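Chains S and Z, in that order, give the protein sequences.
Just so we're aligned, residue 1 is where the first sequence starts under my numbering, counting upward by one.
Just so we're aligned, residue 1 is where the second sequence starts under my numbering, counting upward by one.
Source of the hints: derived by calculation from the structure; they are not laboratory data.
These numbers were taken from a predicted model, which means no experiment stands behind them.
Hints are not guaranteed to be accurate.
[Unchecked claim] The following label-pair restraints were derived from C-beta to C-beta distances:
| # | chain 1 | residue 1 | chain 2 | residue 2 | range |
| --- | --- | --- | --- | --- | --- |
| 1 | Z | Val45 | S | Arg97 | 46 to 54 Å |
| 2 | Z | Val45 | S | Arg124 | 38 to 46 Å |
| 3 | Z | Ala29 | S | Ala65 | 34 to 42 Å |
| 4 | S | Arg124 | Z | Ile43 | 55 to 63 Å |
| 5 | Z | Glu213 | S | Arg124 | 37 to 45 Å |
Beta carbons: idealized from backbone N, C-alpha and C, even for Gly.
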Amino acid sequence: MISLDVALTLPRFELRVETDLAGGGVAVLGPSGSGKTSLLETIAGLRPRARGRVVVDGAVLMDDASGVRLPPEARRIGYVPQDALLFPHRSVGENVRFGLRSGARSGLFDELVEILEIAPLIRRSPAAISGGERQRVALARALATEPRLLLLDEPLAALDVELKGRILPYLLRVRDALRVPFLYVTHNAGEAAVIAEEALLLREGSVVRQGPTEAVLAAMTGERVDPAARYENVLAGALEPRAAGMETATFHAGGARLIVPATPTEAAPGRTVFTVAPEEILVSERPPERVSARNRLFGRVMSVRETPDGTWLRVHAEGIAWTVRLTHAAEEELALAPGAGVWLTIKAHAFHRLA
Amino acid sequence: MTADDLGILWLTVRVAALATVLILPFGVACGWLLARWRGPGRILVETVLSLPLVLPPTAVGLLLLEALRRNGPVGRILDRAGVEVLFTARAVVLACAVMSLPFLVRFARTAFEEVDPRLLVMARTLGDSPAAAFRRVALPLAWRGILAGTLLAFSRALGEFGATILVAGNIPGRTQTLALAIFQRTHIGQDAGAMRLVGLTVALAFAAVLATEALTRRRARRVET
């Protein structure tokens, strides 16, 4: 349980966040400059001018009313910034150990090295490893402090799509294996959907929406709160083992069984992640017949939003909430409304494997 | 080379080393504060600390002499404590320290400025107090620059003349360093003896500056990669 009631005067506006979060994974969404990073820094104790109250799992980290203000080192809040910020004068292993305290659980280091698969990197210099690897090390280093809460500030934004894919499954693993609650700042709706149950939408320092990630994202697609946001569909699931030489593979995500392109690298840690662009999904009123596309799903329209760059649908089909973008003309012809039953048709090759 | 020459060399190296060791903690602290502190008086402090670089050394020497006179502001306290400074080896150390401090401060400041402040913030979130973050992150990342500054300060101390002669005089066996001895020997016509000392100073300075250069070069290369 994370209880926030904080205020911080920023050059352009006042950051004012008063909310209670269940714990688990929370996505912090919002346009650039809406105060997302300032909020994380306030929680971590890096903003001396912040006012108010921060309570994480019963521990009061800051409370003006009772004069409590723990310094960052006493808060036990893990922080993973966009550029990892590993210590350049220490090896990867020493970076991870940096956060270990004398009272740390024995075996923690080995456990982190295993979960994040950094054993081969331990002796290397941070300068000699890839961006995705650096993020994994930064994550391990933050987790070595056995944090009450993990703050992830766009940890994937600096990575290109391919690298991003390599870290997403690790984040999912950390979430499931270590059960550390986290706040995850992102511009990517797909990432938010796959990693966080709850979402917070900030605009000019205020929470404009909060709730299940699904609901917040549905609202965002229409309101264009964040022009930089990306809305691709991100699906986490498991690949079915396949016979060698097949050109497609079977992927289970949500309640769906999807046909996706086979990729040469089969050995993915834990879960596999695929994305589909919202433009790549066809919508029809009747089941499509005799089409080449391999995936046909029936679902219900949850919301329809008009924006200058198209009509955005959220469709619930086989346990997955899909974001679909149509042209205005196509939408008018179909005359879709929430609750309507529709068929989604997706080519196998519209799925891109992230990990 | 005579025993006299070696005695002068030994005294010079000793006072220069002592002066360097004495200014090290203060110089590093000043460098750190100037690199991090963004207060209004910063530029003023920086200027005052750099003055010995640009003032004639004799002017600095005279100011020190005035301060240390028996009825001067500092001299009075020292006198009461029974500490004699003027015209002793202590005065040489003091003159060398004051004259070489700006080199150390400048190098340390630059070295600390090159340390990404966000790395220190990371150290804090990982459980380090400000002092621990300084020790575990700032110092190890800046040590090369600090060492280069220390060597340069030491080289400057080796050659100190103007301030030293005013506060310590030129007393053979007590306060006479290489620079002072060269001056004295040329004055009394011992040109060959003066040249021998010049040879010694060249060798010392060469080694110190070479080490400084090597350190700063490697730092520059590391930044490029």
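Hints the structure fails to honour: 1, 4, 5
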